[in-house]
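2 protein chains.
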Amino acid sequence: MVYGSIEAGGTKFVCAIGDGDFNIKERVSFPTTTPEETMKLVIEFFKKYQNELESIGIGSFGPIDIHRDSPTYGYITSTPKLAWQNYDFVGTLKEVFDVPMAWTTDVNAACYGEYIAGAGQGFSSVVYYTVGTGIGGGALQDGVFVEGFSHPEMGHMLVRNHPDDSFEGNCPFHKTCLEGMAAGPAIEKRAGKKGQELAEDDPNWDIEAYYLAQCAYNTTLMLSPDKIILGGGVMKQKQLLGKVYKAFDELMNGYVKTPKLEEYIVTPELGDNAGTIGCLALARDSKLHS
Amino acid sequence: MVYGSIEAGGTKFVCAIGDGDFNIKERVSFPTTTPEETMKLVIEFFKKYQNELESIGIGSFGPIDIHRDSPTYGYITSTPKLAWQNYDFVGTLKEVFDVPMAWTTDVNAACYGEYIAGAGQGFSSVVYYTVGTGIGGGALQDGVFVEGFSHPEMGHMLVRNHPDDSFEGNCPFHKTCLEGMAAGPAIEKRAGKKGQELAEDDPNWDIEAYYLAQCAYNTTLMLSPDKIILGGGVMKQKQLLGKVYKAFDELMNGYVKTPKLEEYIVTPELGDNAGTIGCLALARDSKLHS
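Each protein sequence line maps, in turn, to chains A and B.
Residue 905 in this note's numbering sits at position 68 of the first sequence; the count goes up by one each step and never skips.
Residue 1089 in this note's numbering sits at position 252 of the second sequence; the count goes up by one each step and never skips.
Honestly, I wouldn't trust all of these hints.
Straight-line alpha carbon distances no greater than 30 Å define the calculated DSS-like cross-link-like pairs of lysine-lysine that follow [as the list claims (entries may be wrong)]:
1. Lys1026/A / Lys1094/B
2. Lys1083/A / Lys918/B
3. Lys1094/A / Lys931/B
4. Lys1073/B / Lys1012/A
5. Lys1012/A / Lys1097/B
6. Lys1012/B / Lys1083/A
7. Lys1083/B / Lys918/A
8. Lys1012/B / Lys1097/A
9. Lys1012/B / Lys1094/A
10. Lys1080/A / Lys1012/B
11. Lys1083/B / Lys1012/A
12. Lys1094/B / Lys849/A
Selected chain A positions facing chain B (Cβ under 7 Å, derived; list incomplete) [said to hold, decoys possible]:
13. Ile861
14. Glu984
15. Gly985
16. Ser987
17. Arg997
18. His999
19. Pro1062
20. Asp1063
21. Tyr1092
Derived from the structure by calculation, the hints contain no laboratory data.
For glycine and all other residues, C-beta sits at the position ideal for the given N, C-alpha and C.
Just chain A, same shape as in the assembly (with noise of 0.2 Å):
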């Protein structure tokens, strides 16, 4: 028996095999082009092992439909991605694959690989971060996935300008909420050049810093979770977290004892794995099943 892990981000597809510990078997991934191009290679995937599929977890961009009662549960929904608007991610894959599948979102997916596998294991409240392209969070209380009248898109919250920082961000519809002043865009246009080339001490980590402590800043004072895990391409920058942690302190100004910082604000442990394990687990726990 095996279990299906389907990561859908904007950019790739993520598919992967594994057994009940997490053991990957086989890994491919495809460009995110069209519902018909993309789900075709899917599906080419996973039919190879139709016989020994016991279900599949999938973990997918948003917004998606998460309420089982719904006509369109399983869809992609308003997606800025014209392609996949409207897209019945599920119910395409059910037509091929008559096997259990659990559905939430990408980060939601890696949120939950952190807590049973990585650096939320054993905590009640986990929350997950991606800093990338975008930015995306999920969080779990008790296995569960915070959310109600859908998932979470804590990506947009808002933030207050650095003082030092003219950018004038570019979230299309919320121009300087927190994805449009600190995903990885934001930094390239602000900087005039991508992440990956600015020294380790230029000025502009700084500023990232501030507006990623804000993100933790308000995650600690709305959901007050045992761990923050920040995840995704531009927590790679070694440096950011030790300025995350002296600007989340001058913002807090001794107000809640949180956990000691280097333990409550961590990124994760699973790294790029994140999503494809918790996507395996979601399948094995048949947390979500429809």
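Once you've looked at the hints, dock chain B against the given chain A.
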């Protein structure tokens, strides 16, 4: 059999005795002075019912220790009210009343009241804010309080200054956080007179609504709840809610399709009884009992 309710607020304690349908048999109120004075009155009140008292629900001002495995579980911890710092609230009551006690924050208790018997009834995810002398928030998902290393402190989330607002903020920790800009004392200090004395069309209400809209916006993106309930003295200004909807719409700019705002951001159905009914319900439902 009767249930006891203690709403322990920063200015007054409201104690009540009620039945399982929240019919209130007796209710009294004491000023919050010192633990010795105030708790003496509390204990005297409940002693009259000692023989029929099934359990007590307590919603307290905070911060409080909610972790049952902690040696200071049931304590008020680092409150700025010096007399109550590190006060063993539950332990003091337990010395006199050998009944189960539910222990949570005052806003969590009010949130539970609205969830069980008010505006949140029948919904999965409910957030409650009180906007009064301070701002506090609590959240429930499927009857479980949102919490982790501690309870939330939502009232201190960061907000952006309204462009016409030169008030410097009066939160002793964060100056211009939500509470520092939008609680009753901030309104009074900004306007030079109490909120109740301001005309309905005073521009100060637009400023207030802008901050409350940011609160609702961030709450939407972080928790995506089914209901956001805004209670407390400031919300008795009936003209506020419409202004909050307008500012919320402008901030959201169509990004997340929330439920209809008139049904999504609401005032408490239980009015000032949310806390008392919440504590009775916590007592009745054996939640958080110790």
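Status of the hints after comparison with the structure:
no., hint, in the structure
1, Lys1026/A / Lys1094/B, "holds, 29 Å"
2, Lys1083/A / Lys918/B, "holds, 28 Å"
3, Lys1094/A / Lys931/B, "holds, 27 Å"
4, Lys1073/B / Lys1012/A, "violated, 33 Å"
5, Lys1012/A / Lys1097/B, "holds, 24 Å"
6, Lys1012/B / Lys1083/A, "holds, 18 Å"
7, Lys1083/B / Lys918/A, "holds, 28 Å"
8, Lys1012/B / Lys1097/A, "holds, 24 Å"
9, Lys1012/B / Lys1094/A, "holds, 18 Å"
10, Lys1080/A / Lys1012/B, "holds, 22 Å"
11, Lys1083/B / Lys1012/A, "holds, 18 Å"
12, Lys1094/B / Lys849/A, "holds, 26 Å"
13, Ile861, "violated, 30 Å"
14, Glu984, "holds, 6 Å"
15, Gly985, "holds, 3 Å"
16, Ser987, "holds, 5 Å"
17, Arg997, "holds, 6 Å"
18, His999, "violated, 13 Å"
19, Pro1062, "holds, 4 Å"
20, Asp1063, "holds, 5 Å"
21, Tyr1092, "holds, 4 Å"
When each numbered hint is compared with the structure, violations occur for hints 4, 13, 18.
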